[in-house]
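Asker: Starting from the known structure of chain W, fit chains U, P and C with the ligands onto it as the hints suggest.
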Amino acid sequence: MSEQMMSMQQALNRALADTLRNDPTALILGEDVGTLGGVFRVTQGLAKEFGAERVFDTPLAESGILGLSVGLAMAGFHPIPEVQFDGFAYPAVNQIITQLGRMNYRSRGVFPMPVTLRVPSFGGIRAPEHHGESLEALFAHVPGLKVVSPADPQQAYSLLRYAAGLSDPVIFMEPKARYWQKAAVDMDTTQSPLGARIARPGKHVTLVAWGAMVARCLQVAELAAEDGIIVEVVDLRWLKPIDEATLTESVTRTRRAVVVHEGPRTAGLGAEVAALISEHCFDTLKAPVERVTGFDVPYPSGDLEDEYIPNIDRILFGIQRVLEHRRG
Amino acid sequence: MSEQMMSMQQALNRALADTLRNDPTALILGEDVGTLGGVFRVTQGLAKEFGAERVFDTPLAESGILGLSVGLAMAGFHPIPEVQFDGFAYPAVNQIITQLGRMNYRSRGVFPMPVTLRVPSFGGIRAPEHHGESLEALFAHVPGLKVVSPADPQQAYSLLRYAAGLSDPVIFMEPKARYWQKAAVDMDTTQSPLGARIARPGKHVTLVAWGAMVARCLQVAELAAEDGIIVEVVDLRWLKPIDEATLTESVTRTRRAVVVHEGPRTAGLGAEVAALISEHCFDTLKAPVERVTGFDVPYPSGDLEDEYIPNIDRILFGIQRVLEHRRG
Amino acid sequence: MAVQNFQVDDAGMPDAEELRQLFTLMVTVRHLDLSAVAWQRQGILPGYAPELGQEAAQVGSAFAMDKAVDFAFPTYREMGVARTLAVDMVAYMATHKATWHGGLYDPKVSRLAPIQAVVAGSVLHAVGWAHGERLAGRAGVALSYFGDGASSQGDVHEAMNFASLMKAPVVFFVQNNGWAISLPTEAQVAGGSVAARAAGYNMASVCIDGNDVAAVVNATRSALAHARSGAGPVLIEAMTYRRGPHSTSDDPGRYRSLEAERIDAGMDPLDRLKEKLLSQGIADEQFIADAWTAARAEEETLRADVMALEPRPGTEMFDYVFTEPTEALAEQRRNWREESEHV
Amino acid sequence: MAVQNFQVDDAGMPDAEELRQLFTLMVTVRHLDLSAVAWQRQGILPGYAPELGQEAAQVGSAFAMDKAVDFAFPTYREMGVARTLAVDMVAYMATHKATWHGGLYDPKVSRLAPIQAVVAGSVLHAVGWAHGERLAGRAGVALSYFGDGASSQGDVHEAMNFASLMKAPVVFFVQNNGWAISLPTEAQVAGGSVAARAAGYNMASVCIDGNDVAAVVNATRSALAHARSGAGPVLIEAMTYRRGPHSTSDDPGRYRSLEAERIDAGMDPLDRLKEKLLSQGIADEQFIADAWTAARAEEETLRADVMALEPRPGTEMFDYVFTEPTEALAEQRRNWREESEHV
Ligand SMILES: Cc1ncc(C[n+]2csc(CCOP(=O)(O)OP(=O)(O)O)c2C)c(N)n1
Ligand SMILES: Cc1ncc(C[n+]2csc(CCOP(=O)(O)OP(=O)(O)O)c2C)c(N)n1
Ligand SMILES: [Mg+2]
Ligand SMILES: [Mg+2]
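Residue numbers (the numbering used here), protein chains in the order written: chain W, 13 to 340; chain U, 13 to 340; chain P, 9 to 351; chain C, 9 to 351.
To be clear, the hints were calculated from the coordinates, so they are not data collected in a lab. One or more of the hints may lead you astray.
Which bits of chain C does chain U cover? Going by a derived footprint, with three or more residues having C-beta under 8 Å, they are [stated by the list, open to error]:
id: 1; segment: 114-126
id: 2; segment: 165-172
id: 3; segment: 334-345
The C-beta atom is built at its ideal place from N, Cα and C for all residues, glycine as well.
With the rest of the complex left out, here is chain W (with noise of 0.2 Å):
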């Protein structure tokens, strides 16, 4: 039995480990990967036990980690890059876009991109600015790249194995507020790593979320079982791609839901969902799927993002909202 408590920063320090160890194409880059093990720890260690070629620190620049990236993987390589935070991803949107989304394509099949772009992500730990955005949007929109988003230690070791065993490239989106968090792992679980998770059964109302934002909703489920209100949460997991079938059973179950995301609101991941759900669970839909969303302004700064990102009174207003909506 494989089970051991630990945060999600060393459950992804494991999965890496244990994708060098068991890939030889497997290769890690980034800034300050190496020595220093980045900036979270998550490669902490690794390029002394499997040496500077495996883990190396590239010099500061994005697009240039990116673009390397795809070359390797062109001459067979399995590269696990890192931007060091979200909000830097952007200078290397264009190699991601044009480049890894689209080699396999261009190339008719002959160069894959097995490349796992780990994506420190989210808000909640009061950092300066761009390092708290949320690009999921921006992701799932690419052609060719597949999103993933662990909410827990037992999730982030799954997910990344799976992720970085797979031949297309996965944006790979950690959420830092939870790093430090220690939950039981199992190393060799048996659950599959596709699709959504039902995190709590419930069926009242279905709470649709991911990354940091599926913690906030087991609590505010715990806060509304105490009225009575019995809600389920999916962790969604794949933001690309979604799986429409959990979503479709959840809702077609509680009738009711509400998507709550960090991003802003307007062409967030979570229209997406809601399209989705509305699509699929029209007839038995009793209130137009609710989005407790972070708002459409920048990412403020610290003594702000308590304000910006969905809390708990917001997400019982959403599920109060969904609940008492009457045919008008």
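Answerer: Same frame as chain W, now just chains U, P and C with the ligands:
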């Protein structure tokens, strides 16, 4: 009476000339916008008329063009940069998202960003790779940006004049497939440039579109009329902010909606439009909002682009689905 | 003209037999290039980016490659490179026929990466690929093609810095053809020389006459050997001239005069090689004539095949997105077939 | 050490009175910097990026500016620049207090652009601003601050190329402090010198001892004058050393030893200036002591004011997004107030 027949390319050229004439701080910059007059000739003659200081060619570097524009705006100018094609806006995404969209906020209003970024957009002209992309979903999600797309020469003139007079950054998406069709343009129109526009009134279903898809939807409406289906076509115009009032008003009447766009489906702007309509018209909608869109695949080569872009048949199928929906 | 530890001597000069081969290749490429423009006018191709005038630079550099191990990363204008590498030219022209972005040739077998439409888009790939080859213990060198215009892009800077730091086996082969669409090099490249940038990265570089095919072969061989030896990347700036329009939709008359063109273009690289072959007795008029005859014959077959090229089935839009397809995409594929192919 | 048409003579050397001012500033900055780290430990600031060891580079360069017309573009580490420009330091520290990204000071009045967290994010803005000043017929020069790490970013290359081509009045002031978080300069900058890059753009550059404040003032004055005269941009590489951690969340012990730190850091720039002042009779021990006393007094008031700094009202999240607000955002603002402020 200032009405004149002209193509969208001419209308845009005229709008730029009028802007340069009336606003001494306006500058045009980009690749080949000077002597050549742009690869689509939208800036033709302007360098000659207004001089090489106000209309100038830059080196081949899109991040540079946008970064320069941000700095010029800080010095009190109103830059109107061009990126040559949609797909070449990606190298500028970092400057657009982290700088252009945020400088007013970061500086607490001290440095507004009156920058009008012209982007020849969308597909349909059998062009090389990356010359047929739809970036509206990406841009609309970015806090601090406004996004607009004209559907015909009149809209092109009015919207560009208006956008170029704003002190907020606007992404101006020109449907390149529509550059050459002529129509009457009233340069002194008193029509409001704000919000959406009912391009054709109808009653059985609302088609929502923008850019080149508006003309296609108008064709569809003609065809549908032969079968007695009276289609309303809403030209969304502003993709951020979206005119929710006009959408709601229209769909409240028609009770059915289909949104049409060229970009990939997942997390496309159609999801936002569908989500908004579902939120506002939940009780009146007779069928889930249909999305007729590009697929989640890289924009294909010319031979396949008619298979990719929503065509008349696919839009008609979408209309059929919303008309035939029966509560299940 | 060599800088630092990199010396171009004459060791890599092509011999007589090689010069004849180079001439034949250049004639083939020239004829095919002019033909492709004609095909566009005839409606066979929707567009094309001629390499007219760059035959020596393209044929010479690709000729120097070791096809067993090296790999070239082209832009959209490297038809001469493709032909020299013996890429299937119908499959190559498929890009310009709008059949498939990147071409229908197998890039791995061809040693030519898919055609790249993003200016400077593949320069970093060359560095990554080269570094990978070294990690894997293979001997390959990457040949990264880009233009004077591309040199302005941030990616090129990042690539040069990475390559020099990693001592990656890359040869950056810059064709400075004087223009980036309508912008002349002097308004594009501060200082006027891309080769001069290399010193700032402690990288070897050389500026060569890109219209002298022997000089191009020689310099590229030296550079490949240098990079292969582990001594680090090299930048070659081949000075040449874009004698035609930027593409078939361009009209150079808007930004340069015929008179200026004539002066700036200098002597045609084909004429130069022909004169050399004849004056040095390496080939005779018959050989020259035969080369043109062969080129015409090749073009005729090619034209027929390009015309016969059918659009790819629409299902391929979906089939190459991922190696492991998703259910969502499979559903879109089904819907597309139903609505468009009625199956 | 000067290249090309750019000559650094001694014309801009600070005089005795200026050296005393510089010393006072450097002491103020040093004390404030150490204090800010302490404030972080005490929970007053959530984070801070110390400039310890870079006082000469920062104070000296900003001191050379003509505040009436010039404008500085900082990174996140230019506290010494801000203090020298007499920026309201509570408003400056507001960034580190997590009150407002970019700071609460008025950047136009301060001649200091908002604090920039994107590495190399503002280098192009400096070029654009400088070009705009020239277009407007004003005399301003932009001072663009960035680090050795930033030099790897594509934007820096694009900025240098643009600036040189446009002859924009910009001074690129690179603080090469030996490190970018854990990466030493030799693994970051191919060739080892950022200044050496300038030649490739036909741009003037000079590499200076960034810990000698007089040399910094002198070189920056020369560079500003050069740029102001219309002769084009200049790059100054000021060699210095990041004596502290990258930020208060960094632990340099993981990537460099104390022993290496001691050797690489060299002599403290404050000690150097102090010795010079004393040995040349420019100041006496009393002056030195007074400077420290004043610094402590300033810090005390500042600390109180920083502690007293209240969070901004949440409505400001919405109010500064656009100059012309949208109805959609106004509605989000209303909803936020209802749900969060219950109004
Ligand atoms: C990133 C990007 N920006 C703009 C373009 C449009 N464009 C295509 S070719 C070209 C000029 C390229 O000049 P150069 O690098 O000198 O190559 P050449 O065309 O002369 O071979 C431009 C601006 C593009 N394809 N990619
Ligand atoms: C685009 C971007 N990538 C990564 C980071 C994270 N980061 C912040 S500072 C830093 C190192 C910067 O080094 P340098 O430019 O030398 O400046 P210094 O910190 O030494 O002052 C990094 C990697 C960032 N802020 N921006
Ligand atoms: Mg060129
Ligand atoms: Mg540094």
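Asker: Compare the structure with the hints numbered earlier in the document and write down the numbers of the violated ones, lowest to highest.
Answerer: Result: no hint breaks.
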